[in-house]
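Colleague: Single-letter residue listing:
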Amino acid sequence: MTDEVFLRVNNIETYYGSLQVLWEVSLEVKRGEIVAIAGANGAGKSTLMNTICGVLHPARGSIEFENKNITHLNAYDIVSLGISQIPEGRRLFPEMTVLQNLMIGSYDRNARANKEKNLARVYELFPILKERKNQIAKTLSGGQQQMVAIGRGLMSNPKLMIIDEMSLGLSPLIVSDLFRVLQEIRERGIAILLVEQNVWQTLHEADRAYVIETGRIVLAGNALDLLEEEEVRNAYFGT
Amino acid sequence: MDFITELASPIIIGLLLGGLYVVIALGLSLVFGVMKVINVSHGALVILGSYAAFFILTQLGIDPILGLVILIPIFFILGILIEKYLLNRAVKMSADAALIIAFGIALIIQNAIQIIWTPYSRSLLTEYSMNRIQIGEIYIPVVYILDFVAALVVMLVIRQFLLRTYLGQAITAASQDRKTAELMGINPTRVYQIAFGLSMALAVIAGVFFGITFPFDPTSGNALLIIAFGVIILGGLGSMVGTFIGGMIFGLSQTLGGHFFGPTGQLLVPFIMVLVVLTIRPQGLFGR
Numbered sequence: 001m002t003d004e005v006f007l008r009v010n011n012i013e014t015y016y017g018s019l020q021v022l023w024e025v026s027l028e029v030k031r032g033e034i035v036a037i038a039g040a041n042g043a044g045k046s047t048l049m050n051t052i053c054g055v056l057h058p059a060r061g062s063i064e065f066e067n068k069n070i071t072h073l074n075a076y077d078i079v080s081l082g083i084s085q086i087p088e089g090r091r092l093f094p095e096m097t098v099l100q101n102l103m104i105g106s107y108d109r110n111a112r113a114n115k116e117k118n119l120a121r122v123y124e125l126f127p128i129l130k131e132r133k134n135q136i137a138k139t140l141s142g143g144q145q146q147m148v149a150i151g152r153g154l155m156s157n158p159k160l161m162i163i164d165e166m167s168l169g170l171s172p173l174i175v176s177d178l179f180r181v182l183q184e185i186r187e188r189g190i191a192i193l194l195v196e197q198n199v200w201q202t203l204h205e206a207d208r209a210y211v212i213e214t215g216r217i218v219l220a221g222n223a224l225d226l227l228e229e230e231e232v233r234n235a236y237f238g239t
Numbered sequence: 240m241d242f243i244t245e246l247a248s249p250i251i252i253g254l255l256l257g258g259l260y261v262v263i264a265l266g267l268s269l270v271f272g273v274m275k276v277i278n279v280s281h282g283a284l285v286i287l288g289s290y291a292a293f294f295i296l297t298q299l300g301i302d303p304i305l306g307l308v309i310l311i312p313i314f315f316i317l318g319i320l321i322e323k324y325l326l327n328r329a330v331k332m333s334a335d336a337a338l339i340i341a342f343g344i345a346l347i348i349q350n351a352i353q354i355i356w357t358p359y360s361r362s363l364l365t366e367y368s369m370n371r372i373q374i375g376e377i378y379i380p381v382v383y384i385l386d387f388v389a390a391l392v393v394m395l396v397i398r399q400f401l402l403r404t405y406l407g408q409a410i411t412a413a414s415q416d417r418k419t420a421e422l423m424g425i426n427p428t429r430v431y432q433i434a435f436g437l438s439m440a441l442a443v444i445a446g447v448f449f450g451i452t453f454p455f456d457p458t459s460g461n462a463l464l465i466i467a468f469g470v471i472i473l474g475g476l477g478s479m480v481g482t483f484i485g486g487m488i489f490g491l492s493q494t495l496g497g498h499f500f501g502p503t504g505q506l507l508v509p510f511i512m513v514l515v516v517l518t519i520r521p522q523g524l525f526g527r
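First to last, the sequence lines map onto chains A and B. Here the first sequence is numbered in the numbering used here, starting from 1 and rising by one per residue. Here the second sequence is numbered in the numbering used here, starting from 240 and rising by one per residue.
Keep in mind the hints are simulated off the structure, nothing from the lab. There may be inaccurate statements among the hints.
[Stated by the list, open to error] To spell it out: a stretch of chain B is covered by chain A in this simulated footprint if at least three of its residues, at any positions, have a beta carbon under 8 Å from a beta carbon of chain A; those stretches are:
id, region
1, 395 to 409
2, 422 to 430
[As the list claims (entries may be wrong)] Label-pair restraints from in silico Cβ distances:
id, chain 1, residue 1, chain 2, residue 2, range
3, A, Leu173, B, Phe400, 22 to 32 Å
4, A, Leu219, B, Gly343, 53 to 63 Å
5, B, Ile250, A, Asn110, 53 to 63 Å
6, B, Ile374, A, Lys117, 53 to 63 Å
7, A, His57, B, Thr503, 55 to 65 Å
8, B, Ile465, A, Gln135, 34 to 44 Å
9, A, Thr139, B, Lys418, 17 to 27 Å
10, B, Ile355, A, Lys117, 52 to 62 Å
All C-beta atoms, glycine included, are put in the ideal place defined by N, C-alpha and C.
Bound-form chain A, shown alone (with noise of 0.2 Å):
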């Protein structure tokens, strides 16, 4: 794991409208790093997220990856870029197989190439997947659906994931399983970027994260050493 950083996010500030939602944020990930964003419900997690996909634009402030600009880019032209983003109530294509929702994940010219072997390695994280692939997506479990979400996000030959919200409604064991599976994916050179209510368990799972509210980071550093952090324990457990 080299120590490079490839995202950069400068001071972006996003409105939605005349209203602003984002100041002065900022964030980094690096290769194989998988880091969090957490925060409360409303805290402009997704804003964030959404700004960094090209789904939103800041009207201030840049966004980098792997030294190009991309802060004006539209999101259908980002996912070539190495960027996946598994949205937030996973949005699969409802009346869709498992299967073809995930062959659409490789919809991008780059990732048609290589289109099998990475159906064959999403088969391997989640064989449930295989046994359904004939399922119409819209029957299937929350917990599948999520499976179906990162799959379909792997599928476009991803070097940076974006997840927004995934334990949202799942539950405990199968967020953990699902973490395992983030591990995996980590262990295979691909980053993570995870954005969270579920501030615990995410922080027991990433490398570094990043402590969001009412807009602003607040809080920066080793998802460990967060846990330990006063401000946290009182905001999110209290204790």
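With chain A held as given, fit chain B onto it using these hints.
Modeller: Leaving out everything else, chain B in the frame of chain A:
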């Protein structure tokens, strides 16, 4: 037994005619499914196809069905241009804007056709226009069989395209969740252009087969648009099987309605069926 033989003719004709209605409805269904726009110019575009075929038949002597080899690419490209320069801006503004622009396109086409070819009705007359085949005591016009075969071929081709190509799957994905489709690297503008191009290719195919079956005039598009709506309401959106069944029901309602209740029945019964389905199952028989 006589009762059955008596019904056999309207049933068979109704089913074959239903095939024609499926082709007419498919283009409308595609645009609504992908772009969420009700393309009220679809009927006019189909009739434009009939007149384009009329042109190449009378001026160049080319059979309308063979002429599709030239007409399909032309209409496909025309569709991409209409989406790119007219509809795209309207869709971005609002659903109402798109409706109005489509309506404007229909008016322009209808009046242009009227100026060029006069209001009098035309027909695509070929050597086989008058041919019928005989099964027992039933006579079936050959063109009705061609209509049905065309419907099967078109449905098969579209289905293969949507299921087996990346572009087809991209269109399917974008119609189910546009924002997430973008996250897959799918450019929605490009998807809309291709979808509308395909819709116009379907329109010209529908126009050719309509034109060899029935006489048409510049205003025929209006009735076709209403039939297309009826088929889609019956069958539901998002399912080709649904559109097919919708077409069959519509065609059967027409012929059986006409058989039992005369010309009024022919007009009325299909729309009574539409009302019934709207009441008991508004999303259509196969809709989601």
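Colleague: Give a verdict on every hint.
Modeller: Consistency of the hints with the structure:
Chain A is given as covering the region 395 to 409 of chain B, and this holds because 3 residues of the stretch bring a CB closer than 8 Å to a CB of that chain, at least three being needed. Counting residues of the region 422 to 430 of chain B whose beta-carbon sits less than 8 Å from any beta-carbon of chain A gives 6, enough to reach three: the coverage restraint holds. Separated by about 42 Å at the C-beta atoms, Leu173/A and Phe400/B break the suggested range of 22 to 32 Å. Checked against the hint of 53 to 63 Å, the pair Leu219/A and Gly343/B passes, with Cβ atoms roughly 57 Å apart.
With their beta carbons about 54 Å apart, Ile250/B and Asn110/A fall inside the hinted range of 53 to 63 Å. The supplied range of 53 to 63 Å is met by Ile374/B and Lys117/A, whose beta-carbon atoms lie about 55 Å from each other. Checked against the given bound of 55 to 65 Å, the beta carbons of His57/A and Thr503/B, roughly 59 Å apart, stay inside it. Taking the beta carbon of each, Ile465/B and Gln135/A are about 38 Å apart, inside 34 to 44 Å as hinted.
Separation of Thr139/A from Lys418/B is about 22 Å and conforms to the stated range, judged on CB atoms against 17 to 27 Å. Between Ile355/B and Lys117/A the beta carbon distance is about 57 Å. The supplied range of 52 to 62 Å therefore holds.
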